[in-house]
Amino acid sequence: MTNDSQTSDTPSSPTKKVATDITPPRPEKIARKAPEVQKRDDKRELKAKAKEERMRLKSERSAARGKKNAEKSRAKQDKKIAQQEEKTQITKVFPSKTHWKYFPVMLRTWERRTLFAAGFLVAIGLVLAVIGAGRTYLTALPQNGGDYVEGVLGQPETVNPILLAKDADRDLAQLMYSGLMRYDSNQELQPDLAESYEVSEDGKNYTFTLRQDALWHDGEQVTADDIVFTVQLMKDPEVKSPRQADFQSVAVEKLDDFTVKFTLTKDAFVPFLRENTTFGILPKHIWQDVTPAQIPLADENLQVIGSGPFLFKQFRRDTTTELITSYELERNKDFYGQVPYLDTFTFKYYSNSEKLLSDFEKGRIDGIHTLSPAQRAALPENKLDNWNIMDLELPSYFALFFNQTKNEALKELEVRQALGASLDRQRIVDEALNGAARVTNAPILPSFLGFNPEVAGLEHDDAHAAELLDGAGWTLNEGNSFRTKDDQTLTIEVVMPDHDPFPRIAGILTEEWEALGIEVNIVALDSALLRTERIRPRNYQTLLFGQSVAHDPDPYPFWHSTLREDPGLNLTSYKNPTVDDLLETARKEANEDERVRKYVHFQNELAEDLPAIFLYIPTYTYALDTDVKGVDMNAVTFPSDRLADANFWYRNVKWRPAPQEESEEATEASTESDVVTESEATEERTTDEPTEEVAADEETSEESTSIEEEQTEPSPNEES
72 MTNDSQTSDT PSSPTKKVAT DITPPRPEKI ARKAPEVQKR DDKRELKAKA KEERMRLKSE
132 RSAARGKKNA EKSRAKQDKK IAQQEEKTQI TKVFPSKTHW KYFPVMLRTW ERRTLFAAGF
192 LVAIGLVLAV IGAGRTYLTA LPQNGGDYVE GVLGQPETVN PILLAKDADR DLAQLMYSGL
252 MRYDSNQELQ PDLAESYEVS EDGKNYTFTL RQDALWHDGE QVTADDIVFT VQLMKDPEVK
312 SPRQADFQSV AVEKLDDFTV KFTLTKDAFV PFLRENTTFG ILPKHIWQDV TPAQIPLADE
372 NLQVIGSGPF LFKQFRRDTT TELITSYELE RNKDFYGQVP YLDTFTFKYY SNSEKLLSDF
432 EKGRIDGIHT LSPAQRAALP ENKLDNWNIM DLELPSYFAL FFNQTKNEAL KELEVRQALG
492 ASLDRQRIVD EALNGAARVT NAPILPSFLG FNPEVAGLEH DDAHAAELLD GAGWTLNEGN
552 SFRTKDDQTL TIEVVMPDHD PFPRIAGILT EEWEALGIEV NIVALDSALL RTERIRPRNY
612 QTLLFGQSVA HDPDPYPFWH STLREDPGLN LTSYKNPTVD DLLETARKEA NEDERVRKYV
672 HFQNELAEDL PAIFLYIPTY TYALDTDVKG VDMNAVTFPS DRLADANFWY RNVKWRPAPQ
732 EESEEATEAS TESDVVTESE ATEERTTDEP TEEVAADEET SEESTSIEEE QTEPSPNEES
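Residues in the sequence shown are numbered from 72 upward in steps of one, following the working numbering.
Take these hints with a grain of salt, some might be off.
Stated by the list, open to error - Simulated pairs of lysine to aspartate or glutamate, EDC-like, Cα-Cα distance not exceeding 16 Å:
1) K404 / E291
2) K355 / E272
3) K556 / E538
4) K482 / E564
5) K454 / E655
6) K384 / D360
7) K433 / E452
8) K454 / E432
9) K700 / D456
10) K556 / E485
11) K669 / D623
12) K646 / E679
13) K275 / D338
14) K332 / E272
15) K669 / D652
16) K384 / D405
17) K337 / E655
18) K355 / E324
Just so you know, the hints here were simulated from the structure itself, not pulled from any lab data.
Model the full assembly from the supplied sequences, consistent with the hints where possible.
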């Protein structure tokens, strides 16, 4: 059969006749494949089955992992839910941060105040507990380092142990020089340069063996030659040492390089060991080329070479006034005793107390050399806790010394008695000294051998004073303010230092004497002028001044007639043969009872002659910052004695655990082993004044460029 028209899904194409085979294929030929094709198909089928198996296994593993993860997720969710439930329970007990934020708002005012006070007390208790625990289980050991600056009213002049006359000079000498013996902070005599000493049975020979580790600040060794040289200088009249009389009858000799012997050439002097062995020793190799007359003017008086615990570093001068404004010392690392803890010890000098107190309050200085009653009253109460203020009674007295050779009226006993009777000494103590003193009637003071409280004193009695003057012919005529006699007015000139408290004392005595009809002229001088122009030439009628008794009550230097002229210390030109004999025999009397009897007799003679009006015994007040530790001051004879153990003062400490049980000896030993550690020096202090600086080992001075503040009223506080 022929099919002429045939449809097709393909695009139409030009008509073409094709021959068609309509013979059916053979069955066996259709079902049968070639071997190569069959093999290929089998391989494909195997691969398909393997793939299907892998997919099945992968699906099973994935299902297993999903199940495991689901279990973990459920466990984690359960745990989170449990934690949330626990947190919810805690939140129900303790407020959240948000709740605490609004807590103060919910309280009433009194509740807030109560809660604050309770919290404050708890905090204070915790702090105190920590501090208490620290003090209980820790101990502080002094360490090297730190500086100390002390304010002084006045300035130094001659830092020479054989010429000392001012407190400012004594302070520096105390720190830079050494003696054969020394007084400690309890005023007990201790060996210093002397390693040992022997006293002969008759009390006339004193032999000292020197320690061999003592060095001068320039490295030279201290020997017996230095001791002999110093004593010979003091005895030389050209030097004019205030101690010349103390060694006039003393011979000194060198036995060997480290042994020296003193021999009293006349009589034994009982107080010799206490009074004549503590003077500072000068280095012979420094001073031997200076003539005796030039010694008071030598540069070495300020650029000191000594053997004490501190050595000279530098001093500064005001470039305008040439006054010394500061003097700096530093630790002597080669000192034979306790090496100082402090790096530097500086004295800063002031011309007026206002600037001194101002710097103390502002912390520019750490201490005040001497705090007068007026200065102490001016200290702010709110700062007293920061200062350590010590009050000690000085073994000294202040008096009105009469020079009868300069005023004819003063030669009359009745006039001197009237002056004493009209003066209210207790008022002086209460008003001029703010109670920081006590009245005295004699030059031998309480606690000293020979003190007699029954010595006749001057009772305040204006009526009796007027009777005495009337009886002496000094009458107060109508219309006159002052008493006269033979057309001569009764006039008294009083010379005194110009610093506190003397002007206030002068105000009281002027008021009381003028009320009696006595004309009073007050002459107040700077201490340097007072000494050079008035005291040394004895150019005064009445002198308001003080005298220090030293460590022994021996009044010989102040009242024996041979010491009426400079450099003697008899300020009244007093001469009484009976008194001279009593003083001469008492100082060589070994029997204390007999010595007391002589001193009582001496005081009675003095009360009858009345060469002076004894006023008061002063109280010495010293102030320093509480940060300065190791200050142990129980007694002083001179204000400079406060520095007797300054090498033990410290500012730096190291803390260590305190042992539960420790003997005093073990504690001291451990302290000595620990104090040698060096610590860094504290910040260097600066000065406000324009200064000229003189340093150790320098020949020329170096000027500072800072600005001078106040230098107007020099007024050193001192005693004769």
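(request) With a cut-off of 16 Å on the C-alpha distance, tell me whether K384 and D405 pass. (result) Distance of about 15 Å is within 16 Å: holds.
(message) Checking one constraint from the list: CA of K454 to CA of E655, max 16 Å. Satisfied?
(response) Violated, at about 52 Å.
(request) Compare the distance between the alpha carbons of K332 and E272 with 16 Å, and conclude whether the hinted pair is satisfied. (result) The given pair, whose Cα atoms are some 15 Å apart, holds under the 16 Å limit.
(request) Assess, step by step, whether the Cα of K556 is no farther than 16 Å from the Cα of E538, and give holds or violated. (result) Distance ~15 Å between K556 and E538 Cα, so the pair holds.
(message) Next pair to validate is K454 with E432; report whether the Cα-Cα distance is within 16 Å.
(response) The hint holds at about 8 Å.
(request) Measure nothing beyond the straight line between the CA atoms of K482 and E564; if it is 16 Å or shorter, mark the hint as holding. (result) 14 Å, holds
(request) Assess, step by step, whether the Cα of K404 is no farther than 16 Å from the Cα of E291, and give holds or violated. (result) Status holds; Cα separation ~14 Å.
(request) Decide if the proposed pair is consistent with the structure: K700 and D456, CA atoms, cutoff 16 Å inclusive. (result) Holds, at roughly 15 Å.
(message) With the threshold set at 16 Å, check whether the alpha-carbon distance from K646 to E679 stays at or below it.
(response) 13 Å, holds
(message) Checking one constraint from the list: CA of K556 to CA of E485, max 16 Å. Satisfied?
(response) 14 Å, holds
(message) Hinted pair, alpha-carbon criterion (16 Å max): K337, E655. Please report holds or violated.
(response) Holds - the C-alpha atoms of E655 and K337 are around 11 Å apart, at most 16 Å.
(request) Given the hint that K669 pairs with D623, test it: the Cα-Cα distance must not exceed 16 Å. (result) Given that 16 Å is the threshold and the Cα spacing comes to 15 Å, the pair holds.
Hint compliance for this structure: hints 2, 5 and 6 are broken, all remaining hints hold.
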